Every structure is written in C-alpha cells, then in structure tokens.
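Participant: Here is what each chain is made of, one letter per residue.
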Amino acid sequence: MLRRRLNLLGRAICDMLATLDPEADRIVLHASRHGDGERTLEMLYGLNEGEPLSPARFGLSVHNATAGVYSIASGNRRSQQAIAASGGEWAALIAEASGYLADGQPSLLLVFSDQPVPQRFAAYAPASLSAAVALRVGSQPTEGARRLVEAATPAGGTTLQPLDVIDWLMGSHQRIACPISRRGWQLESLRS
Amino acid sequence: MTTTALEHELKQMIIETLELEDVTPDDIDPEEPLFVEGLGLDSIDALELGLALQKRYGITLESEAESSRQHFANLKSLAALVESRRQK
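Just so you know, the protein sequences line up as chains A and B, in that order. If you read the first sequence in this note's numbering, its first letter stands for residue 612, the second for the next number, and so on. If you read the second sequence in this note's numbering, its first letter stands for residue 7, the second for the next number, and so on.
In isolation and in its complexed conformation, chain A is listed as follows (with noise of 0.2 Å):
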C-alpha cells in the first residue's frame, strides 16, 4: 500500500532492498545528490499561489522520504542515514558505510541514486539521469563477494553518478574515482 507514495525510482530501490535484506534488517544508507526535486519544486511553486500544501507531497519532500517509506513497508527499524554531498556522494556513502563496519556491524545496505535536475535549475548542476544502485557490504568475505579497495586519486574529472557505479560493478571498467572527493575504488577477488 505504501508503494504507490514513491515514483519509479523509489520503488525500484525498495525492491532492491527487499532482495538484498529479505528479512530488512540492516542499516540503510541511501545517499542522493538531488532527491526529488521535481516534488519539492513543485510544492514551492503552489505555495507561492497560495494553494494548500499537500501533506503526502510534503512528508516526500525530505531527503530520507525513501528509505522512510521502505522503513516503514518492510518494518526494518535499524538506523537509516541520508546523505547528500554535493558530488561526493558515492565516496560519502563508503566513508559512512567504513565507519559503521568499523564499528562492529557486520553487513549493511548502500543505495546510491539520483534523478534529473528539474529544468528551472538544469543549467546549474550536472546533468543527471534517473538510476538507482544498491549494495550489500560486509566485514567479513562471503560466497561471491568482492573486496573493495579505495585509493587516493588527484582531482579533477567528472562527478560520479549512479550510472558510473553500475557500469563499473558490471565490469565496463576497472576503477571509480570521485575526483572532488580525490577517492578512487577498485573491486578485487577475494580468491587469493
């Protein structure tokens, strides 16, 4: 039921979840760099008409409305993080995702995703398209698992988008930089 509160995106984020977490308990960090700002937009521009808000619209109109709502549909209530970082989301994402590892937790869930800047702003901000990826990372090696290596990597480069994540976790390329966040990743075999 709570389902048709999110847009394509949102659904197909819980979805991804539902299958990384079948038992949906883990700590979710969901990091976007622009949310939904379609939503948000458009509620500025009926306040501005004087038009009674929408409290569905609004309680969406956060940046945790996502994995708010699957907190919710799924009954998970560990801890949820947004995050938004102004291009350095993905090196954001792993920085909170090593700090919850090193603190004990054994397996968590990472979202990134975003959406296109609605057009009142496009010409400000990179363009984006809709995608979302999920992951499942733990401290410990598991059946299939890969192990993350970060390095230093000088600056300067594209900002990474969800996009960029997938093409790389499906093998178009060896290593991901986030090059305002000077942080660059590789996959490697736990096979040794």
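Where hints are given, some of them may not hold.
Straight-line alpha carbon distances no greater than 20 Å define the calculated SDA-like cross-link-like pairs of lysine to any residue that follow [said to hold, decoys possible]:
| # | chain 1 | residue 1 | chain 2 | residue 2 |
| --- | --- | --- | --- | --- |
| 1 | B | 94 | B | 10 |
| 2 | B | 82 | B | 56 |
| 3 | B | 61 | A | 636 |
| 4 | B | 94 | A | 663 |
| 5 | B | 82 | B | 42 |
| 6 | B | 61 | A | 666 |
| 7 | B | 82 | B | 60 |
| 8 | B | 61 | A | 669 |
| 9 | B | 61 | B | 32 |
| 10 | B | 82 | B | 72 |
| 11 | B | 61 | A | 790 |
| 12 | B | 82 | B | 32 |
| 13 | B | 61 | A | 664 |
| 14 | B | 61 | A | 663 |
| 15 | B | 61 | A | 656 |
| 16 | B | 61 | A | 653 |
| 17 | B | 61 | B | 14 |
| 18 | B | 61 | A | 673 |
| 19 | B | 61 | A | 787 |
| 20 | B | 94 | B | 70 |
Quick caveat, the hints were computed from the structure, so don't treat them as lab data. Bear in mind that the values here come from a model prediction, so they are computed numbers and not experimental data.
Knowing the structure of chain A, use the given hints to seat chain B on it.
Facilitator: Chain B only, in chain A's frame:
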C-alpha cells in the same frame, strides 16, 4: 445495497487523491473501515482526504479527533458528512 451517486463520487475522489493504483470503486465497500483495516489508509491519507474535502466541497473539519474519527470511519459516514456540511 445500492451505492449513491455521492458515494461513487467520493470513491473516485479517494482513489485519485490518494493515488490508489490497484483499487477500483467497486473494491471500496461503503461500510468497511477506510483506515487501518478495510482499505488500509493511514494518518497521512486522512490529512490528504481532509484537504480534498476542503477543496472540493468547502468542508473544514474541526481538529477534534473524535468527531473526525467518526466522519472518516467508512464511506457511508463520509458521504453523510459531505451531505450535511457541503458548501459547494
């Protein structure tokens, strides 16, 4: 039992306002609870419905919880509310 024209109108309004994608007017039993059980709506839906009633019928609900609870109990009680309080 026949569904009145107003009840049908309210069913359409509920489905459209709350974006109940998989629900048809026939799925809403006028005497079944709208909230939690029955249709399974929640508190955000109640606020959204309150806003829709205000926009379409000019009905402003008092914030007193008990009377709102009665008005929103099921489609029949909602139709009775609209019938008695509508401004447009």
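Participant: Compare the structure with each hint and give your call.
Facilitator: Status of each hint after checking the structure:
| no. | hint | in the structure |
| --- | --- | --- |
| 1 | B:94 / B:10 | holds (18 Å) |
| 2 | B:82 / B:56 | holds (16 Å) |
| 3 | B:61 / A:636 | violated (41 Å) |
| 4 | B:94 / A:663 | holds (18 Å) |
| 5 | B:82 / B:42 | holds (17 Å) |
| 6 | B:61 / A:666 | holds (14 Å) |
| 7 | B:82 / B:60 | holds (18 Å) |
| 8 | B:61 / A:669 | holds (17 Å) |
| 9 | B:61 / B:32 | violated (24 Å) |
| 10 | B:82 / B:72 | holds (17 Å) |
| 11 | B:61 / A:790 | violated (49 Å) |
| 12 | B:82 / B:32 | holds (14 Å) |
| 13 | B:61 / A:664 | holds (11 Å) |
| 14 | B:61 / A:663 | holds (9 Å) |
| 15 | B:61 / A:656 | holds (18 Å) |
| 16 | B:61 / A:653 | holds (18 Å) |
| 17 | B:61 / B:14 | holds (18 Å) |
| 18 | B:61 / A:673 | violated (25 Å) |
| 19 | B:61 / A:787 | violated (51 Å) |
| 20 | B:94 / B:70 | violated (23 Å) |
Hints 3, 9, 11, 18, 19, 20 from the earlier list are contradicted by this structure; the remaining hints agree with it.
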